[in-house]
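> The primary structure of each chain is shown beneath.
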Amino acid sequence: MAEAYIVGTGSYLPGPPIGNDQIEDVLGFVEEKSSRLKSRILKSNGIRSRHYALDRKQRSTHQNSELASMAAENCLMRLGFDRKKIDMLAVASTQGDLPLPGMASMVQAQMNLPPCEILTTHGVCSAGMMALKSGVNQVRLAEKKNVLVVASELASRLLKRSRYEAASQTVLDLEAEFLRWMLSDGSGALLVQSEPAASGLSLKVEWIEIISFASDFDLCMSCGTADQSLWSTLAPEKEPELSLAAVGARQAERTVLQKRSHENGERSWQDYATYAEAEAAGALLIRQNLRILDNIVKVGVDGFLRLIQAGKISADEVDHFVCHYSSHYFRGKILELFKMCGCLIPEEKWFTNLYTKGNTGCASAFIALDELFWSGRLQTGQVIFCVVPESGRFTTAYMKLTVV
Amino acid sequence: MVVTEKELTLNARAQELLRKLLLVWLDFERSLGKIPILRRLEQGRFTADDYKTLLLNLRPQVIEGSRWITRAASSFTSEFAELRSKVIGHAYDEHRDYQMLESDFVAVGGELKNIRSAPRNIGTEALASFLMQQASLPNPVDLLGAMFIIEGLGQKMAQGWAQKIQQALGVSADATKFLSYHGLNDSEHLAKLHSILDSDAVTNETAPRILKTAKVVARLYLLQLEELDNV
Chain A
1267 MAEAYIVGTG SYLPGPPIGN DQIEDVLGFV EEKSSRLKSR ILKSNGIRSR
1317 HYALDRKQRS THQNSELASM AAENCLMRLG FDRKKIDMLA VASTQGDLPL
1367 PGMASMVQAQ MNLPPCEILT THGVCSAGMM ALKSGVNQVR LAEKKNVLVV
1417 ASELASRLLK RSRYEAASQT VLDLEAEFLR WMLSDGSGAL LVQSEPAASG
1467 LSLKVEWIEI ISFASDFDLC MSCGTADQSL WSTLAPEKEP ELSLAAVGAR
1517 QAERTVLQKR SHENGERSWQ DYATYAEAEA AGALLIRQNL RILDNIVKVG
1567 VDGFLRLIQA GKISADEVDH FVCHYSSHYF RGKILELFKM CGCLIPEEKW
1617 FTNLYTKGNT GCASAFIALD ELFWSGRLQT GQVIFCVVPE SGRFTTAYMK
1667 LTVV
Chain B
35 MVVTEKELTL NARAQELLRK LLLVWLDFER SLGKIPILRR LEQGRFTADD
85 YKTLLLNLRP QVIEGSRWIT RAASSFTSEF AELRSKVIGH AYDEHRDYQM
135 LESDFVAVGG ELKNIRSAPR NIGTEALASF LMQQASLPNP VDLLGAMFII
185 EGLGQKMAQG WAQKIQQALG VSADATKFLS YHGLNDSEHL AKLHSILDSD
235 AVTNETAPRI LKTAKVVARL YLLQLEELDN V
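Chains as they are written, first to last, in our numbering: chain A, 1267 to 1670; chain B, 35 to 265.
Among the hints, erroneous ones may be present.
[Said to hold, decoys possible] Listed below are the simulated DSS-like cross-link pairs for lysine-lysine, each with C-alpha atoms no more than 27 Å apart in a straight line:
1) B:LYS86 - A:LYS1605
2) A:LYS1605 - B:LYS147
3) B:LYS198 - A:LYS1309
4) A:LYS1599 - A:LYS1666
5) A:LYS1599 - A:LYS1564
[Stated by the list, open to error] Beyond 10 Å from chain A on every Cβ pair, some chain B residues (computed):
6) LYS147
7) LEU187
8) SER233
[Stated by the list, open to error] Listed next, the stretches of chain B that the computed footprint assigns to chain A, with coverage defined by at least 3 CB atoms under 8 Å from CB atoms of chain A:
9) 51-60
10) 71-77
Source of the hints: derived by calculation from the structure; they are not laboratory data.
Glycine residues also receive a C-beta, built at the ideal position from the N, C-alpha and C atoms.
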């Protein structure tokens, strides 16, 4: 089997850095009021600045396919690589500009790439690693020589004030507001080839493992439903007489519209008679189930322990630990568990740019790798261990790279 | 799990065992999340009847718990004297726990005679029988695996459950003494357990047995919660 190497990287962050005190100047003040939760959530996630593809009137400055193209162009330009040689384009995003076709089609056109194989992966944070794994495997199978892998997010369109105002909620609930202070926009790109770069560093992809625990948990992060609990597959017994009352008790702040959606069996945004009704019911808001979010660390460590047992990685060999933790809050939790199981990766080996580049979902890991790749810190023989947890329904992607 | 005690540096064998035990634990924790009564607790649909059912079904195991631990203590020979004194200390700490549990039951409107007369459910039957069997064998080092699961439950889950029960039922901490006590004290017990894992008791021969007993106990503990009132 052939090897696969990341020979170059690129990234793009739209607009100027936006500090914590300017977020609402860009995303807008919901109902003209500043959020009461904002400072609490920002303190916890530790992010100090981020970028948005929105202007101050919440008009889009870019399309997601444009953000993706910018990172890809940045990667090709740095390498001086001829785009005509690209034989596969893999593009990851949480949400493309259009529900269909796949985003890779749009990015290929945007970049004016020659006819080639394309792949679109869709998910949340781990989608970028899914695209990368597929590209790497194609190179290993010698089916492709030059694979461009791009991960891009334009979350801010989901976070602007009008989205929340359109959902007829008397109070903005924490579940729907949380991600407003977490997510932002950006893109990253990697070029994968079967040979290391002729000059400069390359990253040999030793392996990529992706583990999902979806059947063990309820939905934790989603967009497209007014009530994530409607998607539970865990409770073996149905208690119809309880469900409405319970919905009332648990989400007292939600509106009659949402309750009606339960009665009408509207689970997906596509079940509503009109998209306007779906939006009014809050089915188009991006949501995070905070009650179960902490499990993200546990499943991440679970997978890490499995990899250690399988002999694929040991804490001692890691020189650079690139972990897409979405929030500073989780850093401490991860450290605790690492210490506990005797597989601590010392903090000086951790590399992140979360605090200044923001949490850009599936693009985050690529944006971090891009900064590390060009930082001058990498030396031949070093090991990079990359971990990308996704809370959507609990997936974690792991990757081991060797600097060559 | 939260490392609240001073940092422990374990030897390599103990670390490997600990990592394997943690994988068993994480799997156990995910399985707990699928048990109907705990799902109701998680989703805020937990009722006073649920709580009474839970306490009623836990009491026999708590009483059995102090029995198998003391039995285990008596099964250790003098070469395991250190381990034996730790186990005795642990048994002493917990042998009257069931009284807190009974007081919680009464605090939410249960009748003392009902909980005192409640028989073991079939899961408890299996769990208690297995533990007593292992505890009766000479030098039952493998029961460290059982303690890892049961103490972990207290340290990791009990405090959270206690808070959720208080919220769901609108009761004070006085009605969740048993769970709250374990939430506060089991981290100390767990730290002791870690130091035991670091001892000579963990060998290439005992480590797989400790792991296996942890797996069996995790499975049987789940059975106990799956078979509520099935007596």
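> Does each hint fit the structure? Answer for all of them.
Verification of the supplied hints:
1. At most 27 Å may separate the alpha-carbon atoms for a hinted pair to count; LYS86 of chain B and LYS1605 of chain A exceed this at roughly 38 Å.
2. Between LYS1605 of chain A and LYS147 of chain B the CA atoms are separated by roughly 46 Å; this puts the pair beyond 27 Å, and the hint is violated.
3. Straight-line distance between C-alpha atoms of LYS198 of chain B and LYS1309 of chain A comes to about 25 Å, which keeps the hinted pair within the 27 Å bound.
4. With a C-alpha separation of about 22 Å, the suggested pairing of LYS1599 of chain A with LYS1666 of chain A holds against the 27 Å cut-off.
5. Taking the CA atoms of LYS1599 of chain A and LYS1564 of chain A, the gap is about 9 Å. The hint holds against a cut of 27 Å.
6. Here LYS147 of chain B stays apart from chain A, with its beta-carbon at least about 30 Å from theirs, past the 10 Å limit.
7. At roughly 15 Å, the least C-beta separation between LEU187 of chain B and chain A is larger than 10 Å, which holds for a residue marked as non-interface.
8. The Cβ of SER233 of chain B sits about 16 Å from the closest Cβ of chain A, beyond the 10 Å cut-off, so the non-interface label holds.
9. Residue count for the segment 51-60 of chain B with a Cβ under 8 Å from a Cβ of chain A: 6. That meets the three needed, and the coverage hint holds.
10. Given a C-beta distance limit of less than 8 Å, the hint that chain A covers the segment 71-77 of chain B holds, as 3 residues qualify and 3 suffice.
In this structure, the hints that do not hold are numbers 1, 2, in rising order.
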